[in-house]
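Asks: Read top to bottom, the protein sequences are chains A, B and C. Each residue of the first sequence is one higher than the one before, counting from 1 in this note's numbering. Each residue of the second sequence is one higher than the one before, counting from 329 in this note's numbering. Each residue of the third sequence is one higher than the one before, counting from 632 in this note's numbering.
For the record, the hints were derived by calculation from the structure and aren't laboratory data. Some hints here could point you the wrong way.
As the list claims (entries may be wrong) - If the Cβ cut is set under 10 Å, some of the chain C residues that face chain B in the computed set are:
1) Ile713
2) Leu736
3) Leu743
4) Ile746
5) Pro762
6) Tyr763
7) Val837
To be verified - Label-pair restraints from in silico Cβ distances:
8) C:Thr680 x B:Leu414: 38 to 44 Å
9) C:Thr732 x A:Lys253: 54 to 60 Å
10) C:Leu640 x B:Gly596: 47 to 53 Å
11) A:Ser199 x C:Arg789: 44 to 50 Å
12) B:Ile363 x A:Arg153: 48 to 54 Å
Built from N, CA and C at the ideal position, the CB exists for glycine as well.
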Amino acid sequence: MTAVEFTHVSRHFGSVRAVDDVSLTIAEGSFFAMLGPSGSGKTTCLRLISGFDRPTSGHIAIFGEPVDDTPPNRRAVNTVFQDYALFPHMNVRDNVAYGLMVKGQSKPQRYAAAEEMLALVKLDGYANRKPGQLSGGQRQRVALARALVNRPRVLLLDEPLGALDLKLREDMQTELKNLQQSLGITFVFVTHDQGEALSMADRVAVFNDGKIVQVGTPHDIYEQPRTRFVADFVGSSNILPPRLTQSLGGPAKWASLRPEAVCLTDGPGKARGIIEQVRYLGATNHITVRVGDQTLTAAQSATKKLHAVGDQVGLSWADMALHPMDEA
Amino acid sequence: MSIAATLSDRFWRQPRLLLALLLVPPLLWLGVIYIGSLLALLLQSFFSIDEFSGLIKYQLTLKTYGELFRPSNYDIIIRTTVMAALVTLASIAIAFPIAYYAARYAKGRMKVLFYVGVMLPLWSSYLVKVYAWKLILAKEGIITWAMTGLHLQWLLDAVLALPVIGGNSLSVSYIGTFIVFVYVWMPFMILPIQASLERVPATLIEASGDLGAEPGQTFRHVVFPLALPGIVAGSIFTFSLTLGDYIIPQIIGSSRLFIGQAVYAQQGTAGNVPLAAAFAVVPVLIMCLYLWGARRMGAFDAL
Amino acid sequence: MRSDAPAPLSLRLAATGGLLFLHLPILLIFLYAFTTEERSYQFPPPGLTLQWFAVTWNRPDVWQALGLSVKVATVSTVLALILGTLTAAAVSRARFFGRETVSLLVILPIALPGIVTGIALRSAFNLADIPYSTLTIILGHATFCIVVVYNNAVARFRRLSGGMIEASYDLGANAFQTFRHVILPNIGTALMAGGMLAFALSFDEVIVTTFTAGQQQTLPIWMLEELVRPRQRPVTNVVAMVVVLATFLPILGAYYLTRDGAETAGGGK
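For reference, chain A alone in the conformation it holds in the complex (with noise of 0.2 Å):
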């Protein structure tokens, strides 16, 4: 069944098209992350669903019924906002406790429910702090719970990791992942970042100025852009103008090339040229090739033998690496 449904929506902020003509159909029980840099109209959609905006023209359904004109307290979504926005004057528990409050529940029931939520999100013994004394990590997973405890069908997550530093963001991927897993809720995120993306969700919108420019599986996405935009945002990518792409064998339209893809060579292969520079990322090194008038950038395991600046080398890749693209 389909969660959420977009049917031409638009919404525009005078002359600005924020969102522009989105159509967009979410499967219930998906992962589905909104992948775009900022304005790209990723947030607006987010906020179209969750009904704090109302679009200029087109029509939203959420599990087959027409939302136009039910305001965000009748919906059955909920969202993690992106500064999680929790109530800085109730304690942990109330936080949790509030949607069910707001509905009516008696007080031991919605405290049951809550510490319930809490164990879930591994928080049992935080009930009675305040907002203010708890870590960014502890404060996501509180807006999680304060989300979840009133079984939303879908549930919206706003740049949900955007707040955390390195580590624990990845600890938080995984456990997101296992939580959507385990209770079956259609989760709908918005991201900026495509390594987020890509590892967490099943289906990926990439979204610019507001369109999305491509839908698919995180593999399609990475693997088969279809635009040059696409094919740079999602990894990044040597982008080749229709010229060199026909010249290496291809046919005369832009492609992508992964940097993963392209070996360095001491034959001739499909292309030589000078080495321009060579980062050390740690585990791979990434080494920029002057070829003509382009440059290709080669990623290499750093245990690999070491290339200086000013080498001539050769480069080469498995032809079905060089990917042609439909779009500009």
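Given chain A's structure and the hints, the job is docking chains B and C onto it.
Replies: Then chains B and C, alone, in the frame of chain A:
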């Protein structure tokens, strides 16, 4: 569905409805009572008084405004404006070190002490403050006592003997009026300056020193320009409040009038409401000019 | 612009001197309340006595003026709380045409000299044939007290991140539940501080009041009469001291309520 829930849904569908409900009561109040009154005042100032009967002639005329330019009335306007400007300058001079110290050096308990130390006099009863100075400046008061004790009686006499600003005692001289104005309105200058100074990052001062500026140069080229919006914001208060005050010069000062006293006298004993209204428009015009200038200097960001 | 270095001596002297200039005159009031001198402002007081406290206690005119002042300040504060909170909510929650004008309109009654507000109200009462009464005093006071509540509330509304209100809706609360459970607890102390300051402002106001009071006497008007035409100076001394003590309480209370915030009450009188 309950009424609250229905209404809440409507607020979401028509956000303007909620906004209108919020704004209507205050706008009605301020619009009708306050703006209405200001318009009534403006209207009155275009009426005139019949010189024989003393009754108000309800015909629009500029005659009353013309009267403002009679030497005796014109003097009042100039005197008040000059006083307001001097009070403002003196307030800046006294307030700046306090604000600067509080913003740059005071920490923890000291900071609280400074804050409360400014707040209490700022909010203390206006009349009590004026009254305190009546006690201080009186001929038999503490100043005379202190000066006599220090054998400086001759200095006080010399100051009081000065033309224009002197007088029989400090409490009936311009000096007295000036001191009390500064005392009562100066606290309004401290907090805006402090607020603008708090926003100056310490690194800016270090950077200026690093680039070779002497402390004096740093102050003149970095600190002062950045504090200027706060100074202008504070001066709006000191200037406006001095312009419109009629009680301080009435209680402490010579018999020469200030705008506020003229307004009070014209509408009261003289019964010339149109002239009082015209007089009252003067500080409004001066303040509008002042605010316009202040706005161009970005002073409102510091309020 | 914090510095850990000690302040230069000249600056310390200037700052301390400035603060002493602000406080010493008020301290003097406390001394004069006990003086035995009746006719002049003689310093040092020839003797000290407590008798004037008893005399003042038995003065019906003082009690009457005090009663009127408390009544006016209470009603004005309630009105200002309602109107100021509504305006602050509207201005901080939404961007709308004329938003700047509304905030200017609220500030105008204290930005313009008090005498202008005073005579403007008087002109209006005259033109509309409204007789002077407690109500006319309240109309004036509430008008300039709105800004005090507004200033406190608007700062707190801004700090109350939009996210928090959205979170409440998101969790199923309607507008009224959100106000009761999220907005009110978060702006409560700011409103209380604003209310205290509004009360202090109204309790002390004299310039506008002289134009709107007619023959009635609030406590400041009673004091003004005594200043212009002294009848019994020692009673004035005692009243002055009591007024100082009485205004310190709401100021300190307002400070205490808002001291944790980025904005502290009373910054904009």
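Asks: State for each hint whether it applies.
Replies: Do the hints match the structure? See the list:
Hint status for Ile713 (chain C) relative to chain B: holds, with the closest Cβ pair at about 7 Å, below 10 Å. The criterion of a C-beta within 10 Å of any C-beta in chain B is met by Leu736 (chain C), whose closest approach is roughly 5 Å, and the hint holds. At a threshold of 10 Å, the smallest CB-CB gap from Leu743 (chain C) to chain B is about 6 Å, leaving the interface hint in force. Checking Ile746 (chain C) against chain B by beta carbon gives a least distance of about 4 Å; that is within 10 Å, so the hint holds.
With a cut of 10 Å, the hint placing Pro762 (chain C) at the interface with chain B is violated, because the nearest CB-to-CB distance is about 16 Å. With a least beta-carbon distance of about 13 Å to chain B, the hint placing Tyr763 (chain C) at the interface is violated under the 10 Å criterion. Look at Val837 (chain C): its Cβ gets to within about 6 Å of chain B, closer than 10 Å, so that hint holds up. The hinted range of 38 to 44 Å is satisfied by Thr680 (chain C) and Leu414 (chain B), whose Cβ atoms lie roughly 41 Å apart.
Checked against the given bound of 54 to 60 Å, the beta carbons of Thr732 (chain C) and Lys253 (chain A), roughly 57 Å apart, stay inside it. Distance hint check for Leu640 (chain C) and Gly596 (chain B): the Cβ-Cβ separation is about 52 Å, which falls inside the suggested range of 47 to 53 Å. Distance hint check: the CB atoms of Ser199 (chain A) and Arg789 (chain C) are about 37 Å apart, inconsistent with the given range 44 to 50 Å. Checked against the hint of 48 to 54 Å, the C-beta distance between Ile363 (chain B) and Arg153 (chain A) comes to roughly 52 Å, which is consistent with it.
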